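Chain A is already provided as a structure; the job is to place chains B, C and D on it using the hints.
There are 4 protein chains.
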Amino acid sequence: MNKTYLLAPGPTPVPEKVNLEMAAPMIHHRTPQFSKIFGEAAEDAKYLFQTKQDVMILASTGTGGMEACITNLFSPGDKVLVINGGKFGERWGKISQTYGLEPVWINVEWGQAVKVADVKAELDKNPDIRGVLVQASETSTTVSHPIEEISKLTRQRDDLLLVVDGITAVGVYPLPMDEWGIDAVITGSQKALQLPPGLALVSLSEKAWKQAEKAKCPHFYFDLAKERKNLADKTTAYTPAVSLVIGLREVLKNIKEEGLENVHKRHNRLARATRAAVKALGMQPVAPDSPADSATGMFIPEGVDGGKLVKSLRDEFGVTLAGGQDKWKGKVVRIAHLGYVDTFDTVVAIAALEMALNKFGANVQMGKGVAAAQEILLEAYCK
Amino acid sequence: MNKTYLLAPGPTPVPEKVNLEMAAPMIHHRTPQFSKIFGEAAEDAKYLFQTKQDVMILASTGTGGMEACITNLFSPGDKVLVINGGKFGERWGKISQTYGLEPVWINVEWGQAVKVADVKAELDKNPDIRGVLVQASETSTTVSHPIEEISKLTRQRDDLLLVVDGITAVGVYPLPMDEWGIDAVITGSQKALQLPPGLALVSLSEKAWKQAEKAKCPHFYFDLAKERKNLADKTTAYTPAVSLVIGLREVLKNIKEEGLENVHKRHNRLARATRAAVKALGMQPVAPDSPADSATGMFIPEGVDGGKLVKSLRDEFGVTLAGGQDKWKGKVVRIAHLGYVDTFDTVVAIAALEMALNKFGANVQMGKGVAAAQEILLEAYCK
Amino acid sequence: MNKTYLLAPGPTPVPEKVNLEMAAPMIHHRTPQFSKIFGEAAEDAKYLFQTKQDVMILASTGTGGMEACITNLFSPGDKVLVINGGKFGERWGKISQTYGLEPVWINVEWGQAVKVADVKAELDKNPDIRGVLVQASETSTTVSHPIEEISKLTRQRDDLLLVVDGITAVGVYPLPMDEWGIDAVITGSQKALQLPPGLALVSLSEKAWKQAEKAKCPHFYFDLAKERKNLADKTTAYTPAVSLVIGLREVLKNIKEEGLENVHKRHNRLARATRAAVKALGMQPVAPDSPADSATGMFIPEGVDGGKLVKSLRDEFGVTLAGGQDKWKGKVVRIAHLGYVDTFDTVVAIAALEMALNKFGANVQMGKGVAAAQEILLEAYCK
Amino acid sequence: MNKTYLLAPGPTPVPEKVNLEMAAPMIHHRTPQFSKIFGEAAEDAKYLFQTKQDVMILASTGTGGMEACITNLFSPGDKVLVINGGKFGERWGKISQTYGLEPVWINVEWGQAVKVADVKAELDKNPDIRGVLVQASETSTTVSHPIEEISKLTRQRDDLLLVVDGITAVGVYPLPMDEWGIDAVITGSQKALQLPPGLALVSLSEKAWKQAEKAKCPHFYFDLAKERKNLADKTTAYTPAVSLVIGLREVLKNIKEEGLENVHKRHNRLARATRAAVKALGMQPVAPDSPADSATGMFIPEGVDGGKLVKSLRDEFGVTLAGGQDKWKGKVVRIAHLGYVDTFDTVVAIAALEMALNKFGANVQMGKGVAAAQEILLEAYCK
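Just so you know, the sequences run in chain order A, B, C and D. Numbered per the UniProt record's numbering, the first sequence spans residues 1 to 383. Numbered per the UniProt record's numbering, the second sequence spans residues 1 to 383. Numbered per the UniProt record's numbering, the third sequence spans residues 1 to 383. Numbered per the UniProt record's numbering, the fourth sequence spans residues 1 to 383.
In short, the hints are calculated from the structure, not lab data. A couple of the hints might just be wrong.
[Said to hold, decoys possible] Short, incomplete list of chain C residues facing chain B, as computed with Cβ under 10 Å:
(1) Val14
(2) Asn19
(3) Leu20
(4) Met66
(5) Glu90
(6) Lys94
(7) Phe222
(8) Val242
(9) Ser243
[To be verified] Footprint (simulated), chain C over chain B, 3 or more residues, beta carbon under 8 Å:
(10) 22-30
(11) 192-202
(12) 239-246
Treat the numbers as computed from the prediction; the structure is a model and nothing was measured. Even glycine gets a Cβ: it sits at the ideal position worked out from N, Cα and C.
Bound conformation, chain A alone (with noise of 0.2 Å):
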């Protein structure tokens, strides 16, 4: 038998309901059957991204969005601020390297957030940097940058875009992009939004989309103006992805019901019991400071082939969870509290990695991360 869990920071979980949704014959996108899923999907993407503006749903992976927003917002030569404090944030600096921007790097420790500081000293001594961009979580080291500290940093200036790539915060954590005035918010279908990977989606500001009219770096498939006219219509540019559009709508819809604001103190609360686990087990998280509800990472026991646990852990006790990625490969684990996760998937991760550290000789109690975790998780039943 191969019963399986997925616990990784993306893909996560698709709820049954929605792939069986998913998988209805192929309707056409240039008809009014599309058109209201479209809008309604469109519409709900409003309230989940907490804006005014419009979110667009383009047919990409969420680097297609990071890229979308670069090419769209800025010109060759544009001076823009990286916030480069892992994977995600290095590549932001690439791709604005590839179309000619010019990225002035702060470079943060794994496992630290960016000091609000440094942002605004590299602010202030390059008055003409265009855009900040910066991950509100990034994945790679499960940290979670001051979005809204930042944002008071940018909201000021006219001149100056806040870019954030939210791939694994937007439905995660509030990331309010209207009141905090975000200019560009990016998230993708496999996250959050516990759908198969293939879309992005992404909203600007007034100001970004001002920003974008100036913008000379070029782009066609990705053309965030001729998608927010198609989407006036309740239509695309070009065909859009059709089934997961039908599955975004789906989960949108559940998120509403679920309520945002639910929803966030879900992520939150199994982040904390897994923290408490950590704790419990006598692990070292390797966000100890600032460690985002999308995914708590920690430090493998000496002694302790990590490598080889994430696998064992996956092939034979069937649990995905993430390892270390660049630096941190083979040092680390990652347990993802994203998307159609709850209460009972992260007990499993728990006792899964507690029954794998068990197998490979770590020194390790079973059951007392799930006891703390257990003291968090039943918040939710006791009211």
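Just chains B, C and D now, kept in the frame of chain A:
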């Protein structure tokens, strides 16, 4: 969000891929295409029943299979020995009476297995008894009756049949029909077979087929001889439940691939783990002496309303366990190990039970049951 | 490539969305969640049956429903009038004999409906007849028997029940149980109900319920009074076929939405179109005088091997029609209009038949049957 | 009732079993399990493309694949020859301009194929042209351009690439990339590949890979060299569209099983049958001289409003065909032969068109088009 876990002793979870297999476009049942499927299912069912005899596949739930055994094997006026140790034992008696048989009852205290000596005594006292009707696993009390021992009494006699309701035993623990000389075995699709309800499977020994020729109870829809004749042509007497038969082929393939011995070991491991958790939590098992590996029942601690507990587990925690039936209503909770259920389902059931007991004020230390279970469950991963 | 079309008189195609609905994760049957579904299905089934009486939902195929009517309504020795105009009429007689009833046979020539005068004559001759057993639509001959006229004979008498096998009539053409005073109506899931086989639905009149109280034929699994009692609590006596009941609720919703009258009109339109095609192609209908709207049978032209024709249609053309049964084997082909079938299924069946007849050398002008059908089918789109 | 038929040139129907395959529980993309699937899909894609080169699988729709070819193969200032014979030819020009290329336009009358002599003349006149950008099948006009002949002009030169949009040609009719020496071929998932939209597939010749090394157009998300490098490890540069890749493997298996030659023959047969029907109905084809086998366009008879006709076909008859685009809006209807489409889909499309034309008062004899089509379609069943 509403994630659910089904750990009641039937229906049990259906593997996602089997559900999808059954969702394929309908096919006609009088075609080579369906005959191939039906023939393979019937063939693999022999492996499951540990027999060389035909296994008939009926479009009904398990009770229909029980009735089929009564009406195809006996005649009005026949004396039968009914082992009544719970709700399903009682059903044997009721069906017998309906068809004019004369049941001799052995009433067994709930939670106890029948004593072989008692069976022997009744058989000795009533040499005209033509059948022993018994459950391998009495689902209502989570008790396992001593079928092997009883079979030693019955297989010596030509005019005495051992008719075993194996509905929650076949595919759970060894019930080798041919080796033990059991004369009739029944199971249903919604238990260890991991399917929706709607199929009953029945197999008869040579001795049973011989007695069937003389049986005079009326039957038309449940006509085992007619089904056997059709089975030789890979078809059924009446329209089969096509989609469920398609699923049946699939799950039987999975069971063969896992290996029946491993399937039995898995159920046993989950049962032992749960019993260890019950003990660790200081709870009382309902079947302390002869527990079945199909489900583990325990008394709910004083002061906790069992009905409310099971309801909260189901509606708030999303974990469907079974309460007690009839006289045990409100006093007992049962965790099933049946079917598409493995390590982490068991962890979830125990963790949920711990949390719910806590919520209802029981003095239970969370994580303790889980830890006890983990010790045993770990066996599967340390060869 | 292997596209298939199913136009046999059961099983019929299942709507894709209903198949997906039934593929959702299994739920337990003793829960408010299932009770809601079951209650809604049972309620909407009354609309389908055109009755205020309860409709019992049994986990069996249609023959089980027929048996239930015999064993729940009659006693050994009871005289019943069997209208034997085909394979299913004959089945009424066989079940009756099995349970010790005394059938009085009216043997009707295949392809003809029973003459009401003949029924009246037998009833007059045998005033002790307690039931008239008849098909509304005799599937094997595609004949419709005159139920309304027969009901005028039966409903005047308190001690005479009209028991109608509506397996291929309910949901096909009007069979208003209450209005006509029919005492028992049976249908199955795999016909007009557009589901996989595995459910039988049965409804009884007040008169029938009264007679049921005195009926002495043994029955346990098919216990209509027990089912009715459970139905009041939105549950079943024994485990229901959960997935099929979920599908049942769905298709009944669809039927209500389409409107029963429109459902009847649709079946009638498809039947008339097919009959027009048969005529245009110069073929002989098997039921020229009283054809049922459930399926249209026709004799295969001289010189064409009917078995090979039907096999080629199924295995080469991908179009599953039904051949003839028993004495009509190899001589007849039947096109069904049942269930999830509409205009273009009918066009496909006729076009395929034309092509296959051509392939087998029959002198048939392709397109001629289609054209005749189109004339009638167009009605649906020109209001 | 609402049965629907999808015969537009994309998206096309998805086989039911492929839809169900894609509905299986989500799996992680950085696992041996997914790598196996991805590797098999990429390998079988070579068979489809008739090439030994790698086929890159991108998470985007077809236009993204077109952009990828422009940005990965060319540099700003490069001169390219754009064959503009319809909406998609025009798109080649627009993408080129976006990225600073200098298109030389050959404008072809709608409904006509480009003249090879014209291509030759322009290439001779502009020896600095670095690429010929063309559609194999121009979907908007249902025209097939003479790719083989054009390839004879391009393959002699080392500095000239033939870039073919094969979106509605690959898997429809022969486009042997290696044999003809085509330098870039693109297709999308929602056409002959029978999948939902969301994947673009691209393959490059050795010559193209060489030119790619020098190409200076910026690109990040669509980085073919990076994808090729990852492909060697059976993975992708960024998160792949997991569910669609699972579907891709499945349909490619089906195509291999059917045999590419048979797939081509099937499309050709359906196209010829439809053209014969158009002729029999006295309608004018839009591409009389060089029709593509992907779809057949025809002018709508005078006096019939094409917009209303197509809408009625879709919303009343349930048959989705495509209307005309841009200048042909309201004047043209297109029947697709693409993908999971066979004999009786074609019969349905023609029968529905005949009926709808009748409804709208056109002087069309029903059945005549069907009959003409049947003559040709019958070929498949008479070997």
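Any of the earlier hints contradicted here, and which numbers? Of the numbered hints given earlier, the structure breaks just one, which is hint 5.
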